[in-house]
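Asks: The sequence shown begins at 0 in the working numbering and counts up one residue at a time.
Note that these hints are calculated values from the structure, not bench results.
Where is the CB? At the ideal position from N, CA and C, for every residue including glycine.
Careful: at least some of the hints might be erroneous.
To be verified - Beta-carbon label-pair distances, calculated as ranges:
(1) E293 to K238: 20 to 26 angstroms
(2) R394 to L505: 30 to 36 angstroms
(3) E300 to N39: 34 to 40 angstroms
(4) D74 to G49: 29 to 35 angstroms
(5) D74 to H365: 38 to 44 angstroms
(6) Q371 to A117: 50 to 56 angstroms
(7) E287 to Y377: 53 to 59 angstroms
(8) Y499 to D74: 52 to 58 angstroms
(9) S29 to Y499: 50 to 56 angstroms
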Amino acid sequence: MTLHSVDLRTTGQFPALLLDYLDQKPTLESFYSIFPTLENAEKVILNKKGFDAEKRKTLVEVLTRQYHGLPYLPDFSVLLQDNTFTVTTGHQLNIFTGPLYIVYKIVTIIKLAEALKAKYPAYNFVPIYWMASEDHDFEEIASFHLFGQTHKWTGEHKGAVGKLNPKELAGILKQLPDKPLLFAKAYLENNTLSDAVRCYMHELFGRYGLISLDADHADLKRHFLPVIREELKDSISEKLVTETTSRLNALGYHTPLHAREINFFYLDDNLRERIVREGDVFKVLNTELEFSEEELLALAESNPEHFSPNVILRPLYEEVILPNLAYIGGPSEVPYWMQLKGVFDHFGVPYPMLMPRNFALYMNGHQYKKAQKLKIDYKDLFLDEIALRKTFIERNTEHELNLNDQKEAFNAVFEQILAKATEVDQTMHGAVKAEQTRLLNSLKHLEKRIIRAEERNHESEIEQLLTLKNKLFPNGIAQERYDNLLNFYINDPQFIQKLYNAFDPLDFRYNVLLEE
């Protein structure tokens with residue numbers, strides 16, 4: 000497999016805030032800490048040195064319990080060492096790994112950990128997959144696309160998705176071609192979706208050093224108690240995020256996050272609902288649960304597992320309990336992390352290097368040959384169909400299709416006509432200009448007819464081009480955001496290894512992966 004790189008800006012798929020961040024625009028410097036490079040990583044290491052030994056101990060104890068029963072266990076003890084750090088990505092527990100980009104996230108952190116080890120051999124770097132087990136948006140995880148079909152987990156499900164019973168996926172497993180034993184084992188031999196995801200992630204990526212962490216645990220959340228207390232008493236994060244967001248908006252950037260007065264959910268079996276304040280009373284929405292401030296703070300002390308951070312505080316929770324150097328996110332995650340810099344500063348928590356994941360478009364051998372035959376410039380594949388047609392015709396025609404020279408000559412003639420007409424009668428100015436506009440529109444119409452005629456001359460190639468485009472962007476969606484890993488892994492068990500070989504975590508361009 001060979002690699003062709005495309006600048007992110009030319010794809011038209013990424014927000015301005017991400018692109019300007021990667022261009023290191025000076026006006027954005029106050030919204031992050033250290034720009035991600037191998038050389039700059041040393042500064043983050045120094046910031047994170049002295050990470051709390053008790054937190055390391057808790058992390059290892061929790062991971063040891065969570066991995067119980069799995070084969071070929073990672074050496075968690077390395078996380079006890081003060082020269083060990085993590086690099087992290089997170090995502091929801093999409094069934095059957097969800098869209099491809101989730102796999103791309105994992106491969107990115109694996110390659111980053113290895114690059115850091117090569118640069119700083121005196122330290123250890125562990126790739127961590129933060130399992131969003133507390134998320135309660137069932138619809139977002141419950142379907143995936145495989146070989147043109149959409150498979151969906153149905154039924155009524157409430158509460159944190161990590162606690163759901165994966166055995167319910169048996170029906171989908173029966174529908175799949177070449178029943179993937181990897182997922183059958185994970186889903187049918189585990190009692191929670193969190194355990195199932197850990198099982199197959201370990202099978203797919205354990206040999207590369209990946210560790211999957213479910214942070215829905217009382218012992219881990221106990222280390223987050225100072226934040227829980229202050230958020231409940233003072234609603235501090237809403238003020239901080241609102242201020243940062245206002246500054247980003249003033250610079251012209253769209254920001255994806257909106258902070259709430261209290262940025263915690265109440266978490267229990269089959270329940271994850273927002274905590275809201277009404278006067279002196281704290282309520283859990285859609286329940287009859289009510290607490291005074293004193294009662295709620297006492298509950299946090301005794302049972303911190305009931306407090307689930309939302310998207311505003313989840314990044315801070317991660318950085319509080321992990322000796323983390325870098326967070327790798329998608330094109331919307333990086334911008335929203337930049338809204339949170341003030342929260343990190345307030346709580347005195349080091350802000351990690353913030354990096355986009357690797358982006359990729361994969362072309363199999365047949366598609367690659369078709370692209371070669373059509374002489375496609377790979378960046379053109381990101382154009383919409385109208386622009387793609389136009390670009391292809393302009394590149395492949397043997398004729399001059401525009402009438403620019405003729406329009407220019409026509410306008411020159413009309414300037415002469417206008418001068419003569421207005422010399423006779425100034426009121427003729429409007430009539431002459433109207434006639435000029437009418438005839439220019441006729442020329443433009445003729446120009447379009449000439450282009451359509453040339454399109455007919457290339458009808459076969461254009462049809463092949465659009466067929467290829469639709470394969471690579473199914474339903475108009477980028478392949479990485481639509482297709483599932485199994486579309487490629489079933490026929491090519493080396494697919495993940497090929498991604499591993501191709502990706503460079505610090506090359507912030509779009510990868511076009513070509514199977515020659």
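Asks: Any of the earlier hints contradicted here, and which numbers?
Replies: Checked against the structure, the hints that fail are numbers 4, 6, 8 and 9, while the rest are satisfied.
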